[in-house]
Amino acid sequence: MTKMQRRDAAGLSRRGLLKGSAALGAATLVTPWGAPLRAQPVQGGTLRIGIAHGNTTDTLDPAIAEQVFTQMAIQAYNVYLTEVMPDGSLAGEAAESWEATPDAATWTFRLRDGLRFHDGTPLTAAAVVASLNYHRGDASTSAAKALFAPVTDIRADGDTAVVIALSSGNADFPVLMSDYHLPIKPARADGTMDPLGTVGAGPFVLDGFEPGVRATFSRNPDYFKPGLPHFDGLELLSIVDAAARQNALISGQVDVIDQVDLPTVRMMERAPGVVILSLNGGQHYGFPMDTRAAPFSDNHVRLALKLSIDRQELVDKILNGYGSVGNDQPINPSMPYFDASLEQRVYDPEQARWHLQQAGLDGLSVDIFLADAAFDGTIDAGLLWAEKAAAAGITLNVVREPDDGYWSDVWMKKPFTATYWGGRPTEDWMFTQVYQTGADWNETFWSNARFDELLLQARVELDQARRAEMYAEMQRLVRDEGGIVIPMFANYTMAHSDRVMTPEVVGANWILDGFRAPERWWFAS
Amino acid sequence: MILRRLLLGALVLLAVTVIIFAAIEALGGDYATASLGQAATPETVAALRERLGLDQPAWVRYGQWIGGALAGDFGASLSGGRPVADLLAGRLLNTLFLALYAAVMAIPLSIGLGLLAALWRNGLFDRLANMGTLTAIAFPEFFVAYILIYLVTGTGLFPTMAAIPPGAGLLDRLHATFLPALTLTLVVAAHMMRMTRAAIINLLSSPYIEMARLKGVPPARVIWRHALPNALAPIINVVALNLAYLITGVVVVEVVFVYPGLGQLMVDSVSRRDVPVVQAAALIFAATYVLLNLLADVLSTLSNPRLLHRR
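Chains A and B, in that order, are what the protein sequence lines are.
First residue of the first sequence? That's 0 in numbering that gives the first Met the number 0, and the numbers climb one at a time after it.
First residue of the second sequence? That's 0 in numbering that gives the first Met the number 0, and the numbers climb one at a time after it.
A couple of the hints might just be wrong.
[Stated by the list, open to error] Have a look at the derived ranges for each label pair, beta carbon to beta carbon: (1) B:D54 <-> A:R187: 23 to 33 Å; (2) A:N298 <-> B:P139: 23 to 33 Å; (3) B:V59 <-> A:T120: 19 to 29 Å; (4) B:G166 <-> A:A188: 47 to 57 Å; (5) A:A292 <-> B:E49: 29 to 39 Å; (6) B:A70 <-> A:R187: 30 to 40 Å; (7) A:T120 <-> B:G166: 43 to 53 Å.
[What the hints assert, rightly or not] Calculated cross-link-like contacts (lysine to any residue; reagent style SDA-like; alpha-carbon spacing at most 25 Å): (8) A:K413 <-> B:W119; (9) A:K316 <-> A:G251; (10) A:K316 <-> A:Q357; (11) B:K214 <-> B:L301; (12) A:K412 <-> B:K214; (13) A:K413 <-> B:A22; (14) A:K316 <-> A:Y346; (15) A:K412 <-> B:V269; (16) A:K413 <-> B:K214; (17) A:K412 <-> B:G28; (18) A:K413 <-> B:L231; (19) A:K413 <-> B:V269; (20) A:K413 <-> B:V44; (21) A:K413 <-> B:I235; (22) A:K224 <-> A:G376; (23) A:K412 <-> B:A22; (24) A:K413 <-> A:A467; (25) B:K214 <-> B:H225; (26) A:K412 <-> B:E24; (27) A:K412 <-> B:A46; (28) A:K412 <-> B:W119; (29) A:K413 <-> B:I23; (30) A:K412 <-> B:T40; (31) A:K413 <-> B:P41; (32) A:K412 <-> B:N201; (33) A:K412 <-> B:H225; (34) A:K387 <-> B:A45; (35) A:K413 <-> B:G28; (36) A:K413 <-> A:L455; (37) A:K413 <-> B:H225; (38) A:K412 <-> B:L53.
It is worth saying that the hints were derived from the structure and are not from the lab.
In this text, a Cβ means the ideal position worked out from N, Cα and C, and glycines have one as well.
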């Protein structure tokens, strides 16, 4: 499973009740990283994380860090301009502050004083410019290239400020700078950044990296966040096989695993000394239809299909309950502009039949092209759907495709497929990358003039209420006219040993506390 | 004679490179689309292709690769540009270590069991040995592996993850890789044991064995002294086949025990379409078969004076 996932704010912690008076004392700390904690974290130990990805061909190039192993490894030894905090708010990391011109088109980031890379050289504006420029330009092969499409210029203003000019305003731009593709690494003499360089300014120093096997790190004693990280060392181990991974956790060979196999999650729940951590991070599974191709070009057909799927059944059977139902649009309840008044769509074969009649059809027979590469249980989900759709007079033929090459040969090539997306930190990001007319990843080839217009307006709108209204209308448009069936949000479901302590609020923007578990977690004494 | 076989072997390897290359081409997709996955956009794919030279026609790429390979340069991995030789060296050592470990356990065990089963054929021992080894081979190897893990978890005797930390001593390595080696032993033992037993029993009905028995040689000595030397040729062949399997076919065991061997490298590289690495790994596998078969033929010839002194 490669690819982009992204976030939402962490939901309310179920452990919130445990918060005691000790936490109130800690709350007086002034840095953003001094968030209230249940107990004073203990220093020491080596955290071993078993990760469900990892490939012999992995590199530390941030431009192609498309799976959790390399994302975790890169995050561990680097800093970013900004950081999404566990509660979903945005804090500066390398950047201390930022400001924009009123049209939100020119952004100035001011860097923190005294930041140093592991080799002792100072982290200057030149390093930031080199690091960000790596993802721009014609020759760039970065997966983050799209983020930089509106960027017209990046320049240093002295040693401590960076000015970024955009062709059009974007009120969310600082959030984009927290993206995992964008670590700040030293600049070389020619003003470029070494993508494979192992020197960063992050919480850990990289000691060794064997692609597809392990990466080892030791604590960076000069890390600028006071008291962090708590661990003396970090070891990332690639354990692709689900049984091997879970067994490694149960037998104590690793302390944390990033992914619990949902079909066997009940066994993990019963294992002694194992804590399951499940968070809704906005990751959603869906079935995009090519809205240019018949019969999906008729919105009645799309609605009939959306009404013919039993969402709760999929959450119960495919996710084993570790998720929630989706409403055919990608914004999840913990995002800032989620529209709670949008009615939840439910399984309704009668209504689906009515829509088919409106489309002038007695029944419908379509092929859906599926592979488990999209998400675990894709094919099972398709078969369950086909059972339920039959009651609405829809014959859904599940065509099994190979996992290998699924993203290049099936997805966005065949008219009706499966997909998965991680949450994005902002509504704009999600909509721009996947729903805007002509976007590279517009998997439904949907084109809606009203939607595109709202997208541009909302991006520069600084009035919160009006922005919320616009995003609400866009959610409704995607839900009622869009080309994707989104039946479920899948939680990030991890597990750790009870020796590992986590903060009260764990970030859900990405798996493993927004990839920052090594920096934020600690061992019980 | 041996030289001719070696030359033929080289020809086989050349053919293998062509077949592998063509097969990867036929799979569709290339490193650019495979590594970017869902995040691929036409623009980034094109840029990556251009940088890696993947935009050239297939025969040009093959020509460049084979030219380098003949000169001893196997090129660089498409991801990260590490030389293939460096990438493979460590993995190959791991694979050979595990194969050797398993072979040292499996070969004496299965030949010994085979001899004893032949000696006490159709007796209780024979039946039990047959049942045990056939059961082990009948299960898929990952299932054998999971059963072993299940039995060992909790006792803490052996680690279930065989990834060896760099710089571990021999004893640590043997300890860490015991479970995968045992799994492989169980998987290959039946084949060799059954072949040993069958070859010996086949000989036991020959007149010269009858003669030995009649002159009063004890049964164990009949098998050891009279039957075994003549049964060596088929046994050597089946051992060689299993050795080759231990080197080339153990990817599933590697995955279950998280052991960084050559098989996993090859599978990873195929899924990423990292052609230079796939080619080099395939060459090693093919060479293993060619050399082990050659060795088996040489040894079985040596074991048979009639073949050795053919007129």
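Violated hints, by number in ascending order, as checked against the structure: 2, 3, 4, 7, 8, 9, 10, 11, 12, 16, 18, 21, 22, 24, 28, 32, 33, 34, 36, 37
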